[in-house]
Each structure stands twice: as structure tokens, then as C-alpha cells.
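Engineer: Chains as they are written, first to last, in the working numbering: chain A, 1 to 337; chain B, 1 to 304.
Quick caveat, the hints were computed from the structure, so don't treat them as lab data. Possibly wrong hints are sitting among the right ones.
As the list claims (entries may be wrong) - Mimicking EDC-like on lysine to aspartate or glutamate, the simulated pairs with C-alpha atoms at most 16 angstroms apart in a straight line are: (1) K145/B with E49/A; (2) K60/A with E49/A; (3) K87/A with D257/A; (4) K119/A with D204/A; (5) K116/B with E325/A; (6) K72/A with E325/A.
Chain by chain, the residues:
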Amino acid sequence: MSLFPTVGRKQLGVRISWWLVVAFLAFGVFMHLVPFYIMITTSIKPATEAMAMPPTLWPKQPTFAAWGLVLKLSDIAKSVLSQPLSKYFLNSMIMTFGTMILSIPVTSLAAYAVSKLIKGRAAKNLFIFFIGTLMLPGIVSLIPSFLLTRNFPFPLPVAPNIPGTDVAFPTLRIWNTYWAVIIPAGFSAGNFLLFKGYFDGIPDSIINAARVDGGSEFNIFRRIILPMSIPVYAVVAYFTFGATWDSYLWPLVVIQDSAIAPLTLAIRRISDAFGAAGTTNPLTAVGASAGISELVSQGLSWNGLMVLGLLQAIPTFIFFIIAREYLLKGVKIQGLK
Amino acid sequence: MSVGTDVIEPRPAVPAVEGGRTRRRWLNWLFVIPAILFQFFWGWYPMVIAIFLSLTNAPIRGAVTFRGIENYVRLASDPLVPMAFRVTLIYGILSIILTFIIPIITAILLMEMPPKTMRVMMILWFLPLSGIASTLFWQYLYNEKFGIFQYIATAVLGLPPQAFLSSERLVLFWLIVPGIIMYGPGLYYIAGLQGIPKSYYEAAEVEGAGFWRKIWTISLPRLRPIISMTLLFSIIGSLQEFTFPDLMTRGGPNGASRTVVMYMFTLLNNGRIGDSTALAVMLFALIMVFVLVFRLVFKSDPDV
Chain A
1 MSLFPTVGRK
11 QLGVRISWWL
21 VVAFLAFGVF
31 MHLVPFYIMI
41 TTSIKPATEA
51 MAMPPTLWPK
61 QPTFAAWGLV
71 LKLSDIAKSV
81 LSQPLSKYFL
91 NSMIMTFGTM
101 ILSIPVTSLA
111 AYAVSKLIKG
121 RAAKNLFIFF
131 IGTLMLPGIV
141 SLIPSFLLTR
151 NFPFPLPVAP
161 NIPGTDVAFP
171 TLRIWNTYWA
181 VIIPAGFSAG
191 NFLLFKGYFD
201 GIPDSIINAA
211 RVDGGSEFNI
221 FRRIILPMSI
231 PVYAVVAYFT
241 FGATWDSYLW
251 PLVVIQDSAI
261 APLTLAIRRI
271 SDAFGAAGTT
281 NPLTAVGASA
291 GISELVSQGL
301 SWNGLMVLGL
311 LQAIPTFIFF
321 IIAREYLLKG
331 VKIQGLK
Chain B
1 MSVGTDVIEP
11 RPAVPAVEGG
21 RTRRRWLNWL
31 FVIPAILFQF
41 FWGWYPMVIA
51 IFLSLTNAPI
61 RGAVTFRGIE
71 NYVRLASDPL
81 VPMAFRVTLI
91 YGILSIILTF
101 IIPIITAILL
111 MEMPPKTMRV
121 MMILWFLPLS
131 GIASTLFWQY
141 LYNEKFGIFQ
151 YIATAVLGLP
161 PQAFLSSERL
171 VLFWLIVPGI
181 IMYGPGLYYI
191 AGLQGIPKSY
201 YEAAEVEGAG
211 FWRKIWTISL
221 PRLRPIISMT
231 LLFSIIGSLQ
241 EFTFPDLMTR
251 GGPNGASRTV
261 VMYMFTLLNN
271 GRIGDSTALA
281 VMLFALIMVF
291 VLVFRLVFKS
301 DPDV
């Protein structure tokens, strides 16, 4: 409450503009809640009502039919989804938690060292080395990275031969495994910035006092810094979870086997199949697979896609509930300098 | 060590300053080595290699040979390439113009609310809807036959039926609209604003500064480093857009929403690895031009 004058708040002009601000903010909040409302209500509508014009505000006959059908989607339409939905959910979980377990310690230890342990020119150069990629368009490394997952450490479609022989160099192949999503995300420049901003705010005197008491740098980090830094860890964990859980282009490139595909790719497939069946948009109907026609006749349309959307949204939502207290305490970012 | 059985152990003597420092300094690198390896192999290395790879034929089988600018020449004669760049530029610039400023204003205004109201509003605002879920939601709303937007256009506003995402002319605009109407404050802006001491505003008020004056001379200058950072990331990010247009329209109708990255993906799927990399390098160059212009504009920071 610092922009509005402290004196003269009762004046009509000030009051009107105050309520205009409130209305603007309340409208924004309201708009933000609309998607949740529409997705939830649509998911409990019957198929025909989900495609009714005009749209209904609340389902006339609420039913959980769409939820049931979506959960056993792979039984009815094997051609669309080869695995049960829970399998894709599990795949996403493995990739997301794998990324978090690898990336958070690697990134935070580096940020701590650059912030507190390494001084002078070395720290400055390391900082640029770590966040430099953030200021460059990362898309340029998409294809070399994809090739690296096939023939590490050669970013080539085929590994070169050992000179003078016909034998190719041995390479490490993580393509089409969970590791292809987890390992390239081992260090995150954005999270590095968040960690460093937070560690910079911890006074050096605390660390120096601990040094006088003895103990290795790692123990100081574990016993003193870590407990003080829970907010930033919560924020980074939440961000990492959200980003990996929702990742789309990278899994599309490196995951081919549908048995290990994440939920995002499964949703893409289902949404495509419905589009092809003309259920979602009659103009794009090009012919439905037998499985999809069966699903449609049992009453699945947009209500089913909303169920899928909600299933995809729930884990991030839960993580948000856990991390919400820390959101503001953990972000102490001061730009790129 | 439980409290009861505590034995007082002799503390290791504090190492002599010289020896201690060097020993520590060596061990400090253990903290950064894993990150250095990851950042090198999955950050810098593929980025630099991309330029070399774009100059080869990069066949799926067989030996890689150097081909000079052959890939670039081939792309230059592909009519879909300038089209994709046009889409990318319009989409990127339009989305920054229409969606970048509103979160800053919202964050500044949100700070005016009483603390409790602000907390509730913030939590509601930051309720996350997963990106993939929201594309399904927007597809539903944009549906030409029974979407809510069509209902609003025909029944409420009395307009003729709209084509929305099937309109070649307006599809990019419709793809940006969700970003405008779902306005909210940015977390980084709120974090930055909370760091401004109240006394600044009080002093300004004593000096006779009004509402706008305070925003212009206190809030915005203090947010400047954060705004400059988020603007840089939005420029880079919006010109590399893939997920949202891909899920919403698959690049249609007739490529009217096919961004450069989407075309890269198509080339990659067709096994044209060299061409796809060359296209990525071209996009890289374009974005770097924007980044350099941005740096020139934002160079002089009065606070430093």
C-alpha cells in the first residue's frame, strides 16, 4: 500500500481508482480460475453435452463415465495406446524424479561454490560458463544433443571408425531410454541463477564462524547452509518438477518406444486420434480407427480430453500446494549481473 | 551423537592459514566438477558442434563428409523456410508486445492490496495448470462448432461464425490471445518489488510524488534488472516456440502457424539432419541479432 496516498484516502477520486485496481485484480484471478472450472465440469458431462451449443454452465446429468473410460482407454483402443495410462504416468514420474534427483544437487553445489567458496577471477569465469547458455538460443543444440544421446561423445549420426581400422569407436547410447531425458538435464542454468541469488544473500560471517569451529566445507554446507536454504530448494524442486513433467519437444525427439513415453506424448497421440475421428473437430475427420469409434460410441469426446488434461495437471498442482509457502522466500534474484 | 553420551572430543586444530587455504581451495572444485561436466557436454559442446554439423551432409548411415554451405543453399531455395521465419517473427514480436507488460503492471498493483488479500490472490493466481492441459483447454474453447469462443462470437456478439484457428490470416493472433486474457503477476516481479523499502515511497510522498510518479521513479527503476532479464528470456523463448502451436494447430492451416522450430522438427523426422541443423543455426543467428539489439538498448543502467 505504497502507491496510493496515505493522506486523503477518503477522497472520491482515490476511492474510485482504488476499486478499479481491485476490480482489475479480481478479474484476473477470476479468469485464472475459469480453466479449472470448465475442465472439471466438462470432464463430468456426457459426451453429447460436452459438444452442446450453447455450452452448459453445469452438467445436467453429472457422470463420471468419461473418467472411467479414459482410465481403461488402452483396453478399448489398443491401436491408440499400447500401454495402460498408468504406465505413461509412471514413465513421466520416473523421468521427472530422476531429473530432480540428479539436477538439484549438481546445480546447487556448483552455485554454492561459485557464490561462497571460489573467489576472484575463477568465480567470475565459472559464472559466465554456467549461465552463458541461458543467454543463447538453446534450440541450436537440439539436434547435436539428440545425436549425442545416440553416440556419446560423438554428436554424429554414426560414430566414426578408429583410424586405420574398420571398427567404430565405442559409444554410449542413452537414446530411447529414461536416461535420455534425465542426463541432459543434469545441470540447469536457470536453477543455478536461483540458487546463486539465494546463496549470495547468506552472510559470509556464518560460514566463517563455522570454519573456525572446524569441519569440512561439505559438512558446513550440509549442516548449516542446507537447513537455511529450504525455500530455494522448494522453489527449484517445484520449477524442475513442472518443467520436466510438461516437457514435450525433447521427449518427442529422444523417446521412440511408446512403452517408455511420458504422459505428454500419450496425450498427443490420443488427441490426434480423436481429431482424426472427427470427434473434436468434424472438419478434420479423416477416418477413425476401430478403437476410437468404439470409445466415441461409449460416450467419449471432449469430456475425455479434459479428463486427460486434469490427470496431467494434478501432480504439478500437488507440488504447488507443497511449495507455495516458499515461493516468495526462495526467489531472491537480482538479474543477470 | 546423542546428548547423554556426549564425549568431548578434542577439536582438530584450525589449520595454519596458508596450508588450510590451499587445501580448501583444491577441494572446492569438487563442488563444481559434476556441474562443469554436465554443462560442458550437454550445454556448450552441442551448441558449438551445431555449426560444424550444419556444414556436413550428416547422413543417417555412412560417413559424414564436409559439404560447405550446401545445406544453407538448399534451405534458401525452400519456400517453406522464409514462411516459417515470417511466422516466427510475427508470433514472437506480437506475443512480446501483447503479453510482456501486463504482468509487470499487475505485480505493481497487487502490491497495493492489504497483505492478506494479496496472499490469497497470489496463491490463486499461481495455481498451476500444466502446459499440456491448458492446450487441451484452449483447443476446446477455440472449437469452431461448439467452442465457447464461437458461442460468444455468434450468440453474444452477433457476429458471423468465426474460423479461429482455421483462419490463415488470424491464426497467430488467436494463438497469442490466451496469453493476454490470462493475465497475472510475474513471480520474479513480486519478489523484486518486495525488496523495495517502504520508506522510499513515504519519502517520495512527502516530496509530493503521486501514483504514477512513484511507479515511474521507484518501482520500475528498482525492477529494471529483473525486467531486463525476463525480457531477454522472453525474446529468446518466444522465437523458439514449439509446444503451444504444435499442439494447438500442428502448424496449420497450410503452414500459417508453422514456426521455424516446428519446421526443424519436420526436417528431422524426414531424416534431413544436416538441413535441420542448418535451419537451427539460421534461427540462432536471427535470435542473436535481437539479443544484440536488446543489449545495446538496455546497456546503460543508471543504477550501476
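Engineer: Under the constraints set out in the numbered hints, which ones does this structure not fulfil?
Structural biologist: The structure conflicts with hint 6 only, although it agrees with all the remaining ones.
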